[in-house]
Amino acid sequence: MTETRFKTLKDLPSDHLLGTGTAMCAGCGGLELLHEVYDILGEKTVFINAAGCMTLLTVYPFTPFRGSWLYTAMASAPAGAQGVRDALDILLASGRMTAAEDLQTVVLTGDGSAYGMGLSATSGAIERGLDFLYICYDNEGYGNTGQQTSGATPHGAGTATNKGSLGFPGYKKDLFAIWAAHHPVYVATVIGAEPLDLARKVELAMHLTGPRLILGLAPCPTGWGYDPEETVKLGKLAVQTGVWPLKEFRDGKVVHTKVPKKRLPIEDYLKRQGRFAHLFVPERNETVLREIQAKIDVYWSAVESLGPDDG
Amino acid sequence: MRVMLTGNAAAAWGARLSGIEYLPAFPITPQTEIIETIAKWVDFGEFNCRVVMLDSEHSMVTAAGAAATTGVRTFTATSSQGLLYGMEMLYTVAGWRAPFVLVNVSRGLASPITLEPDHNDILAARDCGFLQLHCATCQEVVDCILLAYRLAEDSRVRLPVIVNLDGFYLSFTREPVKLPSAQEVAGFLPPFDPQNQGFRAGAPCSQAVAVLGGTAYSYFRYQSHLAALNAETVFTESAALFSETFGRSYQAVESYRCDDAEVVFVMMGSFATKAKAAVDRLRSAGQTVGLLRPLLLRPFPAEAFRRALAGKQGVAIIDQNLSPGFGGILHAELAANLYGHSGCNPVLVSFIGGLGGRDISPEEFFEMVKTTREAIASGSTPPPRLLYTREEFREMKKWQAIALHHSTGEKQI
Numbered sequence: 001m002t003e004t005r006f007k008t009l010k011d012l013p014s015d016h017l018l019g020t021g022t023a024m025c026a027g028c029g030g031l032e033l034l035h036e037v038y039d040i041l042g043e044k045t046v047f048i049n050a051a052g053c054m055t056l057l058t059v060y061p062f063t064p065f066r067g068s069w070l071y072t073a074m075a076s077a078p079a080g081a082q083g084v085r086d087a088l089d090i091l092l093a094s095g096r097m098t099a100a101e102d103l104q105t106v107v108l109t110g111d112g113s114a115y116g117m118g119l120s121a122t123s124g125a126i127e128r129g130l131d132f133l134y135i136c137y138d139n140e141g142y143g144n145t146g147q148q149t150s151g152a153t154p155h156g157a158g159t160a161t162n163k164g165s166l167g168f169p170g171y172k173k174d175l176f177a178i179w180a181a182h183h184p185v186y187v188a189t190v191i192g193a194e195p196l197d198l199a200r201k202v203e204l205a206m207h208l209t210g211p212r213l214i215l216g217l218a219p220c221p222t223g224w225g226y227d228p229e230e231t232v233k234l235g236k237l238a239v240q241t242g243v244w245p246l247k248e249f250r251d252g253k254v255v256h257t258k259v260p261k262k263r264l265p266i267e268d269y270l271k272r273q274g275r276f277a278h279l280f281v282p283e284r285n286e287t288v289l290r291e292i293q294a295k296i297d298v299y300w301s302a303v304e305s306l307g308p309d310d311g
Numbered sequence: 001m002r003v004m005l006t007g008n009a010a011a012a013w014g015a016r017l018s019g020i021e022y023l024p025a026f027p028i029t030p031q032t033e034i035i036e037t038i039a040k041w042v043d044f045g046e047f048n049c050r051v052v053m054l055d056s057e058h059s060m061v062t063a064a065g066a067a068a069t070t071g072v073r074t075f076t077a078t079s080s081q082g083l084l085y086g087m088e089m090l091y092t093v094a095g096w097r098a099p100f101v102l103v104n105v106s107r108g109l110a111s112p113i114t115l116e117p118d119h120n121d122i123l124a125a126r127d128c129g130f131l132q133l134h135c136a137t138c139q140e141v142v143d144c145i146l147l148a149y150r151l152a153e154d155s156r157v158r159l160p161v162i163v164n165l166d167g168f169y170l171s172f173t174r175e176p177v178k179l180p181s182a183q184e185v186a187g188f189l190p191p192f193d194p195q196n197q198g199f200r201a202g203a204p205c206s207q208a209v210a211v212l213g214g215t216a217y218s219y220f221r222y223q224s225h226l227a228a229l230n231a232e233t234v235f236t237e238s239a240a241l242f243s244e245t246f247g248r249s250y251q252a253v254e255s256y257r258c259d260d261a262e263v264v265f266v267m268m269g270s271f272a273t274k275a276k277a278a279v280d281r282l283r284s285a286g287q288t289v290g291l292l293r294p295l296l297l298r299p300f301p302a303e304a305f306r307r308a309l310a311g312k313q314g315v316a317i318i319d320q321n322l323s324p325g326f327g328g329i330l331h332a333e334l335a336a337n338l339y340g341h342s343g344c345n346p347v348l349v350s351f352i353g354g355l356g357g358r359d360i361s362p363e364e365f366f367e368m369v370k371t372t373r374e375a376i377a378s379g380s381t382p383p384p385r386l387l388y389t390r391e392e393f394r395e396m397k398k399w400q401a402i403a404l405h406h407s408t409g410e411k412q413i
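Sequence lines, in order, name chains W and P.
In terms of our numbering, the first sequence opens at residue 1 and continues consecutively.
In terms of our numbering, the second sequence opens at residue 1 and continues consecutively.
Worth flagging that the hints you see were computed from the coordinates, not collected in a lab.
Every residue gets a Cβ at the ideal spot worked out from N, C-alpha and C, and that includes glycine.
It is possible that part of the hints are untrue.
Unchecked claim - Stretch-level coverage of chain W by chain P, calculated; a stretch enters the list once three of its residues show a Cβ under 8 Å from a Cβ in chain P:
# : region
1 : 42-55
2 : 58-65
3 : 86-97
4 : 120-134
Next comes chain P alone, as it looks inside the complex (with noise of 0.2 Å):
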């Protein structure tokens, strides 16, 4: 069944055929479409799951992974100030290896508060033990979510799964979007196996204990890393799986015209959509470039980014995200990456762009791939570049001066 659904509608098509069980909720913009579009299904009949309100994220957090421990397929959703009200619960569940999919909306954090996307919400999670699946289509949203409950529950893994989608430009935008039938996706993804989880009489079971000295928290912890790389083999067999089932196949890294490519633009998200189509004008234009999008972030698909960069002259990373004082997330992390490897040793150039929702103009695309060149003929590596135009500065300074006059009382302007 082919039907236009923005990226949350899409979301909670997701969720639906998944046959989830249960939904703890609480509403955030750009988020709440998801969970208002599940209720509804529920209160009308159409479904049956069990949709609960919490009283916070960090609740709603925190039920997700014991409804996930006690043994019913879960999910949950939520965006930006939410995610970091429920930080704690993220690392917390995560320990639990609680096998959930939570899927957040990505939008700028505080301050200033705003509404629309960057990655500084979803990066700020990096670390706390989800894996991360991260989409730039509405059909990568109903299918990342279908992948992410066979991430999650495989033996090998069990982990729960963040399934990212950027705020209005996918949240709120509708296109095309294959669904597949219910009994395709019994075919892919079967009931969810509670396998050693669960509270039960005459089972009992001690789950989420204290340790203490560093001998069982290393090894508690060594353990969910392991079980994070081994999500890598996971998500090549399920995308196989997946590309048998329903014809659509997705690899952990998507290569766009990278094969002859002198330099390359990584960038993650539904912004990456802009990159592609940059990357056609300037192919017309002559110039041999491609990109790279990680759908795959947690496992980091170290090996498939080393494969498809080997040989390259120069990359250039549109990071949307800052880290105050060193720069773009995902450069650091392709640097560490890519250092030390021999005959993968682009020269790399860092980006900072589309931060709450700014554009990147095509003319920025060109504008990069010049800066990028000329760090390869100099050979050295400039220090981040934040994207900013003249036009936008001028929009910048009106503001500013309408502000100061409120404040001051000037008359002039």
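Same shape as in the complex, but just chain W (with noise of 0.2 Å):
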């Protein structure tokens, strides 16, 4: 597929099919990438869902979706992806269910289920080729417990469990390159603040045939401390200034698909989160806060030296 039907902000969706009155917090950067993606994907769906912020959207007895839904546990949402799929493809194969009824597997998790514990069940459904796509909502931290530290939690920030001067003191694992490691068909990065980029890859996943992640950053008010109306300026933000590349991965390589052509600073961001809060006041940790600004002029420099289409 060349040809993408969202070429301008007017050609997103205006029917939208995710149901509100959720139990989502207000702001809630994973909701708005989730409500982006379904009006795309649409209602011939099926989610496999892990424990997690979004386990709360479907509370007995209703659902906001409008197509299916099977909770899992934290770890095995893609193993139950693989016994969907397969018996899908055993009922199509026998004929006891028509190509028309046929569903979209679709995994939605956290990031603690993606960066952590989910990961074994994940490794194996990519090298199985399963297809199906797998859309995590990353707001680095175990946000539905109160966020504490997770395997996405970035350098520097402050968590339940690192509420001390330095914050999380490791680094963030780089979950896209994790999957681009497996050569499944395709990996993308995006952000609800930025639905037209979101909307292209989302319609360019959905007619893939494989594995396929849509990684999503999911600003979260309550984690990151913020209020929730500065959730799409954070979105931006974080494009802008570059910590958060959105890119894909096919067919062996990398390529960016918005590069910030002057990025700002890495502060402009930070100091907006209570989580970086401790960055600044009392006094400003200038090792931190070089530290976090070099690792993203890094990064960039190596795809300005490649060229935006093969970082």
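Each chain sits in its own coordinate frame; assemble them with the hints.
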């Protein structure tokens, strides 16, 4: 597929499929992302969910989904997708189901499952070439339990388990690279604040066959410590500062889909979030601030030296 | 067709005759031969089924439950550590009311890590919501898998079932097994009817959704319990149809020479065949003893046990498991079942034996009857007895001396 039906913001769906009134927090960047994804994927889907914030979308007897849903457990949503996909294929092959009744098998998890507990099941699903779409809303911590440090927490961020003046001393895992190393059919990063870029990637992903990841940064007002009305602003800053590169992996190559012309300093992004407040007050932690900026600069200079289409 | 089969091959045949369509798999000793046997049939075109290797038993049980709730007949198998690795999902998929069959080949649990059987693995899954059938012979392995699909898929039940067989003693032991023909099986086990379960476009369905608060949670949990209780009636009906179709009869609790028995052994699994042989020897020596063996453990065949034990003086319960700090699990279940029922209050004596495949000798069965008779005479129940011989103790001391010698470098043993 080379032609996108999403050329301008006006081409985005005006019908919104996901129901409202869920238990998600005000300003949830993950829900913003899911709304945009679901509008494009549509109701011919079965969502296979792992334990996380989004588990509370579907609480008996209500669901915001027009299609199907199966909750599994924290570690094994991709294995649930394997069972569902295989069973659908068996039903199709034996004539007990028509092609028109077939569904997209969609895994929906947060970063806690995607970067950590679910990695074994994910790796297995990719190596088997399972035909599924994995949607990860990455809010950079175990958000549903109060933002403890996860494998996706960035360097220096304060969390419920790293409350000290240094925040989390480790570094965010590169899930995009972990997926790409498996050579799946498609991997992309997205963010709800860039809906056109997101729509094109979901549109492309849903028409491919095989393992596919849509990895979305999900600004989290409660976990990151900011006012809910800032979610879109923070999302845009994540892209403009270069901390969340928008890119895709396809046919063995990485392509950056939105390269910021002049990157804003990372401070513009960090200082708006309570989880980084300790880097600014009572005094500026120049060492950590410089380190975070330097890592971003190193990333982008590598991209620029290779050209934006081969980072 | 009468053939010589190991318990594992019998399990593979049970699955094949049941017409399974999907096998999510993961290897573990002593179960592996089951999935290898089925995979080989599929690879060489003898049998049509989708076999998928998962990354763990946790994933395997997830995939099995997901496929069953999507609407295909599903089978899987594991053992021991694998059953426990998948434990979260055993509870989960039972709550999904996913009707499929899982064979567990019993093996002692770590630590210490070992290979030979006891029942702590399967009894750790006692409360997960799966029904449980316990086999004593390779023939029963085939037959119980066929029975298990009828139980699982019945609209009054809709629960997954574990069929248990003991590692090594059944898994790797060849016995003559009568294999029914596909036509005979068709008369007993109709094709899987997914009923209201499944996912398809135009018929959206939310399965396994969260609930908040105890009202909804309790309702669904009670439903699982009541469905499990229904399974006893369904078992009786299915066993009657099984007997009509295949000519072999099964009861929820097998009773061997119990009618006039004063002392009754209670055991489950293949080691109960040792008790059977011991009953014959004890009878030859003038002891009126018998054996009860639950084939159905979940649902617990409460009435059948009470009927069989009414008027008995003493019961020797041999648990091939150990709940540290308590004793035998089957003993506790039986005591709870009999308590407060007048006319059914034998002295219950608890023995622990057969852990990690440890043999139980004929002499020990004689000794257990003696201990039970002493308890009847005194009217008091002794604490659980741990079966162990003087000879074993000496052997163990020798090994300890070697272990100590190597760890301390001492010259003397």
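Are there at least three residues in the region 58-65 of chain W whose beta carbon sits under 8 Å from a beta carbon of chain P?
holds (count 5)
Count the residues of the region 86-97 of chain W whose CB lies closer than 8 Å to any CB of chain P, then report whether that count reaches three.
holds (count 9)
Tell me if chain P covers the region 120-134 of chain W under the three-residue, 8 Å CB rule, please?
That given contact holds, which follows from 5 residues of the region 120-134 of chain W lying within Cβ reach (below 8 Å) of chain P.
Given that the region 42-55 of chain W was listed as covered by chain P, double-check it with a C-beta distance under 8 Å for 3 or more residues.
With 5 residues close enough to chain P, the hint holds.
Figure legend: structure checked against the earlier numbered hints; every hint is met.
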